[in-house]
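Could you build the full structure based on these sequences and the hints that come with them?
Residue numbers (the numbering used here), protein chains in the order written: chain A, 1 to 357; chain B, 358 to 714.
Please keep in mind that the hints were generated in silico from the structure rather than gathered at the bench. Mixed in with the good hints there might be a few duds.
From chain A, some residues computed to sit far from chain B (all C-beta separations above 10 angstroms) [to be verified]:
id, residue
1, 77
2, 91
3, 100
4, 110
5, 137
6, 154
7, 164
8, 167
9, 183
10, 187
11, 303
12, 325
Derived list of chain B stretches under chain A, where covered just means 3 residues or more per stretch with a C-beta under 8 angstroms from a C-beta of chain A [said to hold, decoys possible]:
id, stretch
13, 402 to 414
14, 688 to 694
15, 703 to 711
We treat Cβ as the ideally placed atom computed from N, Cα and C, and that holds for glycine.
Number of protein chains: 2
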Amino acid sequence: MPIAPGSTIGILGGGQLGRMLALAASALGYRTHIFCPDPDSPAFQVTANRTIAPYGDEIALKTFAQSVSVVTYEFENVPAETAALLERLVPTRPGAKALAVAQDRFTEKEFVRVAGATTVRYATVSSATDIAAAVAATGLPAILKSRRLGYDGKGQRQIERAEEVEPAWLELGAGDCILEGWAPFVAEVSVILARASDGAVATYDVPQNTHEGGILRRSVVPATVGGATAATAVDIALRIAAALDYVGVLAVEMFVLGDGTVLVNEIAPRVHNSGHWTIDACVTSQFEQHIRAVCDLPLGSTERHSDAEMINLIGHEIDRWPNLMGDPTAKLHLYGKTEAREGRKMGHVTRVRRRQT
Amino acid sequence: MPIAPGSTIGILGGGQLGRMLALAASALGYRTHIFCPDPDSPAFQVTANRTIAPYGDEIALKTFAQSVSVVTYEFENVPAETAALLERLVPTRPGAKALAVAQDRFTEKEFVRVAGATTVRYATVSSATDIAAAVAATGLPAILKSRRLGYDGKGQRQIERAEEVEPAWLELGAGDCILEGWAPFVAEVSVILARASDGAVATYDVPQNTHEGGILRRSVVPATVGGATAATAVDIALRIAAALDYVGVLAVEMFVLGDGTVLVNEIAPRVHNSGHWTIDACVTSQFEQHIRAVCDLPLGSTERHSDAEMINLIGHEIDRWPNLMGDPTAKLHLYGKTEAREGRKMGHVTRVRRRQT
Numbered sequence: 001m002p003i004a005p006g007s008t009i010g011i012l013g014g015g016q017l018g019r020m021l022a023l024a025a026s027a028l029g030y031r032t033h034i035f036c037p038d039p040d041s042p043a044f045q046v047t048a049n050r051t052i053a054p055y056g057d058e059i060a061l062k063t064f065a066q067s068v069s070v071v072t073y074e075f076e077n078v079p080a081e082t083a084a085l086l087e088r089l090v091p092t093r094p095g096a097k098a099l100a101v102a103q104d105r106f107t108e109k110e111f112v113r114v115a116g117a118t119t120v121r122y123a124t125v126s127s128a129t130d131i132a133a134a135v136a137a138t139g140l141p142a143i144l145k146s147r148r149l150g151y152d153g154k155g156q157r158q159i160e161r162a163e164e165v166e167p168a169w170l171e172l173g174a175g176d177c178i179l180e181g182w183a184p185f186v187a188e189v190s191v192i193l194a195r196a197s198d199g200a201v202a203t204y205d206v207p208q209n210t211h212e213g214g215i216l217r218r219s220v221v222p223a224t225v226g227g228a229t230a231a232t233a234v235d236i237a238l239r240i241a242a243a244l245d246y247v248g249v250l251a252v253e254m255f256v257l258g259d260g261t262v263l264v265n266e267i268a269p270r271v272h273n274s275g276h277w278t279i280d281a282c283v284t285s286q287f288e289q290h291i292r293a294v295c296d297l298p299l300g301s302t303e304r305h306s307d308a309e310m311i312n313l314i315g316h317e318i319d320r321w322p323n324l325m326g327d328p329t330a331k332l333h334l335y336g337k338t339e340a341r342e343g344r345k346m347g348h349v350t351r352v353r354r355r356q357t
Numbered sequence: 358m359p360i361a362p363g364s365t366i367g368i369l370g371g372g373q374l375g376r377m378l379a380l381a382a383s384a385l386g387y388r389t390h391i392f393c394p395d396p397d398s399p400a401f402q403v404t405a406n407r408t409i410a411p412y413g414d415e416i417a418l419k420t421f422a423q424s425v426s427v428v429t430y431e432f433e434n435v436p437a438e439t440a441a442l443l444e445r446l447v448p449t450r451p452g453a454k455a456l457a458v459a460q461d462r463f464t465e466k467e468f469v470r471v472a473g474a475t476t477v478r479y480a481t482v483s484s485a486t487d488i489a490a491a492v493a494a495t496g497l498p499a500i501l502k503s504r505r506l507g508y509d510g511k512g513q514r515q516i517e518r519a520e521e522v523e524p525a526w527l528e529l530g531a532g533d534c535i536l537e538g539w540a541p542f543v544a545e546v547s548v549i550l551a552r553a554s555d556g557a558v559a560t561y562d563v564p565q566n567t568h569e570g571g572i573l574r575r576s577v578v579p580a581t582v583g584g585a586t587a588a589t590a591v592d593i594a595l596r597i598a599a600a601l602d603y604v605g606v607l608a609v610e611m612f613v614l615g616d617g618t619v620l621v622n623e624i625a626p627r628v629h630n631s632g633h634w635t636i637d638a639c640v641t642s643q644f645e646q647h648i649r650a651v652c653d654l655p656l657g658s659t660e661r662h663s664d665a666e667m668i669n670l671i672g673h674e675i676d677r678w679p680n681l682m683g684d685p686t687a688k689l690h691l692y693g694k695t696e697a698r699e700g701r702k703m704g705h706v707t708r709v710r711r712r713q714t
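And the structure:
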């Protein structure tokens with residue numbers, strides 16, 4: 001049963017993804033209610049309904065749940081208890097399973113393997129005594145990552161030599177970590193797809209991505225990887241979405257090796273930075289698509305009318321806005337963040353060109 | 358000097374145009390503050406800052422002006438005193454001249470003539486004794502209209518025979534009216550353009566419009582009128598914009614006669630219903646373009662990437678939303694209005710197709 005326009009959609013998280021979800025919901029005639037602990041949340045600027053409270057505040061969560069017809073979220077690190085509490089009160093999409101899988105890098109990789117896809121080699125490191133076996137399993141170079149709560153390269157250490165693992169593990173807090181083998185990739189791609197509650201799926205053209213310092217720098221569509229590789233990537237993502245019984249937009253980041261092998265790197269159970277170009281190049285943006293899926297509406301057309309290149313504006317790169325506003329090929333999206341801290345995503349710019357293919 | 362993203366844009370009027378202006382401003386990183394007397398204003402749903410007060414409330418207007426970096430409006434019937442008060446306190450764009458011209462159908466037609474364009478024949482009717490001369494000037498059939506405060510066919514009466522004028526004039530309140538001769542048009546078009554404070558202009562492709570009962574039903578781009586006619590229409594609109602020393606998006610509605618003559622029907626000093634298709638078919642929508650102009654930013658590209666057909670959803674036509682959501686060719690825009698009254702614009706749908714020409 002679709003959730004009718006005019007209803008209120010609850011969004012956990014008040015960053016740029018929550019903001020762009022709210023804008024897309026508004027265009028479809030929905031009201032939004034943003035829940036976020038940070039009083040300065042950029043998404044608060046685009047809605048009449050906000051709750052400023054910690055994600056563990058049960059009273060605030062209950063009041064929030066009563067004020068909305070459905071809850072979704074802009075980030076995968078929603079505490080499990082928060083999601084569980086909300087799910088008892090109101091439809092919450094995507095569900096707890098997708099959160100549980102995506103919150104833990106080890107669980108995620110195990111899940112991906114069971115779903116029939118391939119990842120880099122990996123091993124858990126929960127104590128210093130795990131290190132030798134882990135290095136043997138992954139080979140070197142490798143990357144040591146916190147199993148939980150990392151994003152944009154945070155909570156990660158590059159490992160070249162075996163003796164670097166223990167100090168890196170101590171630096172990361174000596175907690176539950178995962179050592180991931182290095183993938184000698186020739187390209188990074190991601191699959192952005194939407195899945196409806198009836199199992200219908202819609203996929204976007206596959207963007208090719210470039211990261212710098214663990215942060216996405218650039219997404220380009222069409223990708224230069226061949227159509228066969230893109231089709232493999234889409235097939236993998238569809239298997240993962242089905243295995244999660246997923247509802248909403250799902251992003252799967254992947255490595256492409258020289259021989260065409262596609263490895264799954266990360267799953268994001270949400271709209272994703274590498275899908276921002278869909279706003280300006282597709283009939284239905286990933287944000288509208290997510291709103292459609294969580295409101296039980298039919299999925300929209302993912303047809304791409306333009307070629308696109310999306311570039312993130314990170315930290316003080318936003319100071320270039322006067323030039324970008326004057327560039328007729330640049331679609332500028334700014335997030336309303338007040339402070340341009342280093343590494344902070346402040347906006348993005350999408351350049352669109354008449355579609356060539 | 359551009360008004361920087363992060364600043365707050367004040368918008369007078371809280372209907373769908375104010376709402377879509379606010380959404381476009383948000384995408385560029387601006388905050389918005391909506392001023393509207395109606396507590397149920399749809400635009401209030403998409404902003405954190407609202408003032409509910411009459412347009413004549415000087416204290417509320419002053420507080421509003423102090424909270425924003427620039428003021429614009431979604432409708433031309435802003436009282437002159439309101440605009441004058443705001444202009445003294447904060448940049449207000451477009452300015453008082455455009456409002457004064459567009460608020461009065463007689464002043465508007467006189468202005469259009471002075472700017473070098475043609476209108477239908479017209480004559481004022483302010484008393485019963487004006488009627489005979491007015492009918493002689495315009496011929497019949499004709500339309501009697503209130504000089505001020507009409508929209509969407511309100512405040513108008515169709516006149517077939519001379520003896521119908523007096524009762525119509527009495528029905529319209531026996532005030533200042535204008536009698537407009539009938540234009541035997543073969544097509545209706547409009548020009549949507551933007552003009553910056555430095556005189557730079559950007560025009561959109563000309564849509565062809567169909568009205569029903571005085572309300573816009575449909576806009577199609579490209580128009581079936583020839584390129585020469587469209588060029589004439591654009592030229593007329595540019596002359597009007599220059600004569601107004603205009604800043605912002607301006608819409609000029611026109612009649613095209615069988616011999617290719619183009620007559621100016623109405624000027625709207627604001628974003629316009631016949632430009633809604635630009636959201637889905639152009640690099641820069643009319644809403645973003647208006648925000649750019651009033652914030653002294655460079656105008657954006659008006660390049661059209663798709664062919665488009667926009668259809669208004671009026672009154673209970675919005676009840677078709679489940680079908681429209683399921684139509685992959687339909688981009689649905691709903692305005693968040695709670696009550697579907699007869700003749701009320703509840704939303705619109707734009708169908709986009711790969712550009713043919």
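We went through each hint and held it up to the structure:
1. Residue placement check: residue 77 of chain A keeps its beta carbon more than 10 angstroms from all beta carbons of chain B (closest about 25 angstroms).
2. Residue 91 of chain A, annotated as away from the interface, keeps every beta carbon of chain B farther than 10 angstroms; the closest lies near 18 angstroms.
3. Every Cβ of chain B is farther than 10 angstroms from the Cβ of residue 100 of chain A; the closest lies at roughly 31 angstroms, confirming the non-interface assignment.
4. Separation of residue 110 of chain A from chain B is adequate, the least Cβ-Cβ distance of about 37 angstroms exceeding the 10 angstroms criterion.
5. Chain B leaves residue 137 of chain A outside its interface by the beta-carbon criterion, the shortest separation being 46 angstroms against a cut-off of 10 angstroms.
6. For residue 154 of chain A, the condition that its CB be more than 10 angstroms from all CB atoms of chain B holds, with the nearest at approximately 24 angstroms.
7. Non-interface status of residue 164 of chain A relative to chain B is upheld: no Cβ of that chain comes within 10 angstroms, the nearest being about 41 angstroms off.
8. For residue 167 of chain A, the non-interface assignment is confirmed: its Cβ lies about 41 angstroms from the closest Cβ of chain B, beyond the 10 angstroms cut-off.
9. In this structure residue 183 of chain A is separated from chain B by more than 10 angstroms, as the shortest Cβ-Cβ distance comes to about 35 angstroms.
10. With a least CB separation of 27 angstroms from chain B, residue 187 of chain A remains clear of the 10 angstroms interface cut-off, as annotated.
11. For residue 303 of chain A, the condition that its CB be more than 10 angstroms from all CB atoms of chain B is violated, with the nearest at approximately 8 angstroms.
12. Non-interface call for residue 325 of chain A relative to chain B: violated, since the shortest CB-CB distance, roughly 5 angstroms, does not exceed 10 angstroms.
13. Coverage of the stretch 402 to 414 of chain B by chain A holds [criterion: at least 3 residues with CB-CB distance below 8 angstroms; count 5].
14. Against chain A, the stretch 688 to 694 of chain B contributes 6 residues with a C-beta closer than 8 angstroms to a partner C-beta. That satisfies the three-residue criterion, and the hint holds.
15. Using a Cβ-Cβ cut-off of 8 angstroms, 3 residues of the stretch 703 to 711 of chain B lie near chain A, which meets the minimum of three, so the contact claim holds.
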